[in-house]
Every structure is written in C-alpha cells, then in structure tokens.
Amino acid sequence: MKISQVSTSSMFNLLRSSTAGLQRDLVDAQREVTTGQRADPGHSLGERNALRLSLLQDIERLNTITETNGLALARLEISELALESIGEIGDALLPALVASVGQGSSASIASNAGQSALAELQSTLNTTFNGEHIFGGINSSVPPLENYQTSGAKLELEAQFTNHFGFPPDDSSALTIDKSQMAGFLDVVLEPALTGAGWTTHVSAASDHPIRARIGLNETRDVSVSANESGAQKMVLAGIISSEFLSGTLGGGAQDAVLEKAIGLVTSSQAEIADLRGDVGLTTNRIQRSNERMVVQNDEMERYAVEMTSVDPFEAATRMNSLLTQIETSYTLTGRIQQLSLMRFI
Amino acid sequence: MSLGSALQIAQNSLLNVSRQTNVVSRNVTNAGNEGYTRRAGVVDSNALGSRVVVMRESGETQLVHAQLKALSQTQGQTIVSQQLEQLNLTLNGIDGSRSPSALLSQLHGSLQSFAANPSNSALADNAIDEARQLVQSLNASASSIMTFRGAMDSQLAQETDRLNGLLDRFHEQNSAIVNGTRGGRDINDALDQRDALLKDISAIIPVNVITRGEGDVVLVTTGGATLFESIPREVTFDAISTYGPGSIGNAVRIDGVPIAAGQGGATTSNGTIAALTQLRDDTSATLETQLDETARSLISAFAETDATGSGQPQLAGLFTWSGGPAVPPDGVHVDGMAYDIRLNAQYDGGQGGSALTLRDGGANGAAYLHNTSGAASFSDHVIRLVQSLDQPTTFDSATKVETNNSILGFATQTIGWLDGARSDAISALESKQALSARLDEKLSNQTGVNIDEEMALLLQLERSYEASARLIGAVDEMFNTLFSAVR
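Quick mapping for you: the protein sequence lines, in order, are chains S and F.
Just so you know, we're using the working numbering here: the first sequence kicks off at 1 and counts up by one.
Just so you know, we're using the working numbering here: the second sequence kicks off at 1 and counts up by one.
Treat the hints as calculated values from the structure; they're not laboratory data.
Take the hints with a grain of salt, since some may be wrong.
Listed next, with one range per pair, are the computed distances between beta-carbon atoms [stated by the list, open to error]:
1. S:Tyr331 <-> F:Glu214: 10 to 20 Å
2. S:Val6 <-> F:Glu430: 17 to 27 Å
3. F:Gly93 <-> S:Glu307: 35 to 45 Å
4. S:Arg24 <-> F:Gly352: 26 to 36 Å
5. S:Val6 <-> F:Asp238: 18 to 28 Å
6. S:Asn147 <-> F:Ala326: 49 to 59 Å
As the structure is a computational prediction, the values presented were derived from the model and not from experiment.
For every residue, glycine included, the Cβ atom is placed at its ideal position computed from N, Cα and C.
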C-alpha cells in the first residue's frame, strides 16, 4: 500500500509554479521601482481609477483654459494701450482747440490738430492683434473705421449740413452762419446723425457685441472693447468737426461754436475712456485671479491624482529585493530537490 | 508439503515478483503523467501461496469533487480575466489613452482654443478634426465590440463541439468500465482515461458526478441538467456568424435546458461556456450601451438650438445619426448609436460644409443661425458648446454607472467600470488559481507516484527475488542430494 504523502510530480511542480508567480510579480515591481507609479493603475485602483482619470482630465481642461486666457489677457493689454493712446490724442488736441477760441479765422492750427487727431484715431481704433481688429467687437475681420476723407461719414456730414442750411459747407454763404445757428446744428442735427444709431450706420463697421471668452469652467466674460463705445464716438466726432469746420469756411462766431462743441466732446470723451480703461483693468484682474485659482486647483488635483497611484520607492525597492532573493532561493531549492533521489544512493 | 510444491511456490513467487516489478516500472514511467493514478501490486493469498492483484489508488471523493469544481471556476475566471484585459486594451488603450474619454478631452481643448480665437478658421478645422477622430473611435469601438461578440459566439460553438466530442469519448470509457467490471477485466486504464475526460468536461461546464453500481457514473451539471446518463445528452448551440447592434445571441442548451451566464468581474461563471456567454451577452452589452450613451449624449449636447425664439425644436448639430436631424430622446439608450454616429457634413470641409458652422450655427437652416451678421469673432455659440460638455445630463441606467453626470464625467466613469471589473477579475483569478493548484497538489499527493517509494519497493522486490531464487537453488541441491543417495 502507498505510504508516502508527497508525489514526485507535485514536488517538482510546486516550485515551478511558484517561481512563475514570483517572476510575474518581479516584472511589475521592476516597473514600479523605475517609474514610482503603479504598474497598472486600472488594476490597483479598480473603479476608483475613474476618479483619477477624471482628475487628470480636469487638469487638462483647466490648463487649456489657462492657456486661452493668455490670449484674452494679451488682447486686453493691447486694448488698454490703445485706449491710453486715444486719451493722449485727446490731450494733444485739447490745447490747440482751447487756444483757438475767440481767435476769429485763425483756427487753422486747431483744424490741423483736428485732422491729425482724426487720422491717429482711425489708425488706433483699427489696431490689429492676432489677425483681429481688436476694437471691432465680434466683427473683428473688418477695420472699424474707414479713411474719413472717402468715408460715408463725410458724405453724411455734408448732406446733413446742406439739408439744414440750404447750401453745402464749402459755399460762401457759410460765412453768414452765426454762433447759435452753428451750435444748434451741431447739437441737434450732426451729433445724432454721426453718433448713437448714426455711428454704426455711417462711421463704424464695428459690432456692439464685444468678444466674449470663457475664462473659467463656468465663467464667461467680455474681453474686448468695441469702437462703438460712446467715449470713442465722441472723440472721433470732435476730430471730424474740428477738421471739417475750422478751415476758414465759417465765420468767427460759428467757428467758436465748433471749438466749444469739440472741447466739450473731448473732455467728456476722456472721462469715458478713463472708465473704459478701468473696466479693462478689472477684467484683466479677474482673468488673472481666475488663472491663479486654476493653477492652485490644478496643483492640488495633480498632487492627489499622482498620490493615488504612487508607490513608495523604498517599499518597491525592498519588495523587489525580497522577490529576487525568493526567486534565487527557489532556483537553489529546485536544483537540490532534483538531486534528492533515492537513485543516487542505491 | 513436498519439495515439489516448495519449488512451485518459489516459482510462483518469482512470477509475483516479476508482475510487481512490472507495476513498479509502470508507475515510474508515469511519474510525470498528471492524469495517471498510481497502481499497487497487492499480494493476495491463494492455494499456491499467493497471487498479485493490481489495485488503483483512489483519491477521496470529496477532494475529487472539490478539485473539479475549482477547475471549472478557474477556467471561467481565466477566460473572463483575459478577455476583460483584451477589451480594455481594445477600447481604452493603456490607462485610458485611446478611450472616448481621452478624445473628448482633446475635443474640449480644441473647442476651448477655438472659442478664445473664433476668427481663426484653422482652429475650427482642428476642432472638427478632433470631432472626426472621436466619431471614428466610437464607430470603431462599437464595431470591435460586435466583432468581439462574434468571436465569443464562435468560441462557444467550438466549446460545444468539443463538449460533445468529450461526452462521446466519456461514453466509450464508461461503457468499457461497466463491461470490464462485469467481466472482471482490468479497468484501471479506462478509469484513468475517464478521470482525465471528466477534468476536460469540468473545464467547459461544471458537473457533479454521481456514482452508480458497476463503476457507472451519471454527470449532472450544477445547474441541474443531466449531461450524461448511460448515454451522452445532446448539447446544442445555434451560432450567429455576425453580430449587429443589439443582436441577441443564443444560449448553449443541454437537452434543451439553457446554460446560464455568470456575472461580475470576479465572475460566478463556472466553466468556459458560462464565461463566454457572460462576456458575449452581459459584459459586451453593457460596454455597448455605455458607448451608445456617450454617442447619444454627444448628439444632444451639440444639437443646434433655435436662434429666432420661435420655438423650433433642437436639431442635430456637429454630431448626427441616421435618425437625424432629429435629436434622440434624452436619457434613453438607443441600440447601435455609437455605430451610427457621424460627423455632420455641414461642418465638414471635405463634404461641402464649413468648419465655421461650429462658430456660426445654422447647419439646419437660417432659423438656427446664431451669428447672423457673420462676425469673425463671434464666440457665444462655441462657448455654449464647450460648456455643454460640462453640463450634467441623464444617462440610461443600463450603463451601470452614475446616471446623472456630464459627458466628460460619464466617459471616465465607463473606464472606471471596466477597470473595476478587470481589477476584481485579476484578484479573483489569483485566489481561484491558488485554490485549484492546492487541490491539484493534494490530489496528486494522494494518487500520484513517488519515485523514491517505488525505488524502495524495487529493492524489496530484488531481495524477494533473490530469496526465491536461493530457495529454488536450495530445493535443487536437496534433489541432488536425494538423487545421489538413491544412485
């Protein structure tokens, strides 16, 4: 009858199968030692891997938003610089206008100043950045202002003038217009014709609708200034009237009316431009804070996501060493057990 | 007692020793054969001294049953683990790198870039490209699941054929055993073979073995169906060569009784048939539903809304399907959506559309045009689309993951679902394999051969042979003495 409790094949197979298992573990341990991360996060985390992947995805998303915020910030910065230069144009125009009040027909300095202010305004409001006209609102593919001399605004001005007084601006009868008549024309006829609704019809191709951007996961904000802002309208109108009506075609009184109107427009515009710059600053600040928050959030999420799969390098190294020792022992044992046979002794 | 009979007994002893040596040599030859059960040459007394009866060792019945059960479990779990791993690599890539979730994330990134710079049509093209890749990935994943189901189906057909073949051979061996027992012949080899067949059958389907008289056995599946009783019962299966969306596969039937599929990553499937059925019907169906829901929610999220405020219905936008331009109903799974989802031609420059439709809207006519002035930097519509990826929406509960989730969240949840199943499967496989190996070892210790023992036995037989030979010599000498005295 059988006495032994161990069969030869189980004695040999046991070590073989345990060695195979150890080798499999060794491959994983090796990977974990070199990367410091779990060899297969899906296996070690199971369903919690969804959390890790969604964290990684959120990080990716916030990163994209932070990157695109860079573009919005750059656009805002250019807008801010342009607004600053509009303010400076006003600063340069104002002394020329003030100096010409009551000087009769010698307003050509103011007229020249008005023309150059208009040209500068046009080029500033037509500033492009990254292929977009930044003052165009959403209609950024078209320059907001045309060259005044060939624009619809000039035609409109002449038409309104002729319609109001019965003769064109360059007619000699223009000299007969007195101060109050001219002031009436400027306030009641010309201003409504070229600003407000008239502005978008005759002067500007810009859209009222500013460019909007998504600056946080659930936050959108206007990130451009439109040329249709009333501050810009007033400054351009001041440029138009001072370049059109101060070239000596009008009498002294009417010219004073023009100068006073222009001075009024420039000062009120400058206040509004300053407000706009304040808004731009606020938005810039808002985006920067949103960026900072997202960066902090990202760091936190990244730390957590990495922690979920990280392996203590010392633990992994120790595990690998002990696996190596085990495998070596198992080899030695296999060799010795193979030699362990009664055959060698009989 | 005469000298003659002493000689005869010694002769008989020599015969016994040689027969026992024969048994020992067979045992040694089969020491490495796992299906071999050790024989013992047992000496039995009879009129002429003794004769050798060859006995077959047998394992404890309980142990044999436990081992067969462990074998079924391990086989089922092995298939489930391997195939889940395979599915994970096919559908999600390493650590989700090729999953719909990763592509969605990229689409989100490119849409966000486009939203920040809507006048740049290259960014729109890029976003459309990402969308196209997402569609292609969904289509490819859906069709690879169908291929997978077809592959499982044909494996089921193979396993069914194999099972029928095994049962036929089982029948042969069983008859040999019954007849051999009746006729008093050596049935040990047939028993060995029947045990080996039983192991093969258990790998395919879990069986209980009921022993009857004359060595006959009855095989009953753990589900209660009779698999073998005197003759094999018929195992049938109608294979389906190609699987389409929502196809329903046939069950393997024993005598008309269907074999139930197992469930879960640490599967309850015992044997290959239950495991393959589980993978084909349960796992694949869930994965398919998840992909379909991802596709459906994409169509809804990117649907175009009425821009005029006149109450027009939402219509399919960037993503559309065969039922388009209507938008599929919310929260209800539609079979084959992932296979069906397409990029709307209106957005595709290669199909006569324009990538800028993404910015302007209007793929469904003027009422859906949001950027009415055609402004270059109109970003509201794109921003709405990007944000829709974050909006919580409702998914069908058949997806087996959280049903109230954003699309991005849902897509990562589906990876988590598969990872969870996979993780369970790997751990369960380890423990089931360990149990199976331990039981194998134990059974092998009970019924296997130990060469050392056989060698010791051989020494004993040598001595016995020597003694018998010496006895013959002694008797011979006695006869010589007798004859010389007589001479």
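Here is what the structure says about each hint:
{"no.": "1", "hint": "S:Tyr331 <-> F:Glu214: 10 to 20 Å", "in the structure": "50 Å, violated"}
{"no.": "2", "hint": "S:Val6 <-> F:Glu430: 17 to 27 Å", "in the structure": "25 Å, holds"}
{"no.": "3", "hint": "F:Gly93 <-> S:Glu307: 35 to 45 Å", "in the structure": "23 Å, violated"}
{"no.": "4", "hint": "S:Arg24 <-> F:Gly352: 26 to 36 Å", "in the structure": "55 Å, violated"}
{"no.": "5", "hint": "S:Val6 <-> F:Asp238: 18 to 28 Å", "in the structure": "49 Å, violated"}
{"no.": "6", "hint": "S:Asn147 <-> F:Ala326: 49 to 59 Å", "in the structure": "51 Å, holds"}
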